[in-house]
Amino acid sequence: MNPSNYLILAALLFTIGAVGVLLRRNAIVVFMCVELMLNAANLTLVTFSRINGTLDGQIMAFFVMVVAAAEVVIGLAIILTIFRTRRSASVDDVNLLKY
Amino acid sequence: MSAQILAQAAGEITRTSTGEAATFWVLAPVAVLAALGMVLARNAVHGALLLVTNFFCLAVFYLLQDAPFLGFVQIVVYTGAIMVLFLFVLMLVGVDSSDSLVETLRGQRVAAIVLGVGFAGLLVFPIGGVINNGTTAAGLTAANDGGNIQAIARLLFTDYVLAFEIVSALLIIAAVGAMILGHRERVDGKVTQREMLRRRFAEGGRVTPIPGPAVYARPEGTRLPAGLPGGGTDPGAGQGAREGCGDIEGNGDGDNGAGAHARGNPRPVGAGKGTDR
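So the sequences go chain by chain: A and B.
In this text, residue positions in the first sequence follow numbering that gives the first Met the number 0: the first is 0, and each later residue adds one.
In this text, residue positions in the second sequence follow numbering that gives the first Met the number 0: the first is 0, and each later residue adds one.
Calculated from the structure, these hints are not laboratory results.
Computed from a predicted structure; not experimentally measured.
Hints are supplied without guarantee of correctness; some may be wrong.
Quick list of the computed label-pair ranges, beta carbon to beta carbon [said to hold, decoys possible]: (1) B:Glu194 <-> A:Arg83: 24 to 34 Å; (2) B:Val29 <-> A:Arg85: 29 to 39 Å; (3) B:Val116 <-> A:Asn94: 25 to 35 Å; (4) B:Ile112 <-> A:Arg83: 31 to 41 Å.
For every residue, glycine included, the Cβ atom is placed at its ideal position computed from N, Cα and C.
Chain A with its partners taken away, still in its complex shape:
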């Protein structure tokens, strides 16, 4: 097996996550799809780190994880705040900025 197979897997996972972001309406599920995309990017970083023989890719993946954790905290807090006022977690109900 060639190590680049990991890249194909990461590409597939990223695509699935992107399609999920486009398809789903529940804000929390959309968030989980974003997490999937971030993890797919992490897998490419780790694989490239191994292909290049340096640890910089792993450091990048580490930073991505930290930023993702911060992003999840803020995003879920926003979802909860919106749910408090609108009693809904659907992204369709928060479209007042549309026009």
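Starting from the known structure of chain A, fit chain B onto it as the hints suggest.
Just chain B now, kept in the frame of chain A:
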């Protein structure tokens, strides 16, 4: 052939070990299926659990690729902390608030799927071509010499120390931001029990609490309004029982009640049933 031998002598990897290949070919379909299931699952909790499965597979891939630190961080941070946070918010928001299946933009679903397939093709086929060319991986044996965690720490606190400091600031900002978002400012002062008592007596009307449903009632059933000890029904109690009933019903059927919930009108279930005796 001799080039390959030379590459292997230099620590480069063209082919991974059989064990790694077997693990990859077992876990890669699991990861992809779990991701697909996460996107397709109607229930958000099922989606979260499938995502946990996917993250575990990714952790194993990190371990396979000479990144033990990231592998365990993936398990501890992602499946341990972040997914628990997700489940926590899911339970707060309500599990029954499932997706609406109404398409607000016509043809969005088909367009998204076509886009996804095209994007996957664009990403996968060039990488497949690269694999057929036979790329070599340098391998991390030299870089991980003396321990993966030690090597990562050395890089983190020398070359990437500025990014590390900025990320620590970001974490503090995120924590404070989450606290601000979750905080509810109390506009007026806290109402004490004495004030509540005074208000209740000043308003007049009923001052005792409404008896629970089915108190003094001869037939059993929580839908029945409270009866009086001498017979007959308490009018206020009946109303209370019916309101309580409607509330319980409205919360109870979660499958199709999500829309009604979102607009805040629980259906008046059981109205009139309580007083027919």
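Against the structure, the hints come out as follows:
1. B:Glu194 <-> A:Arg83: 24 to 34 Å: 26 Å, holds
2. B:Val29 <-> A:Arg85: 29 to 39 Å: 37 Å, holds
3. B:Val116 <-> A:Asn94: 25 to 35 Å: Given range 25 to 35 Å: holds, Cβ gap about 28 Å.
4. B:Ile112 <-> A:Arg83: 31 to 41 Å: 34 Å Cβ-Cβ, so the 31 to 41 Å window holds.
In summary, this structure violates none of the numbered hints.
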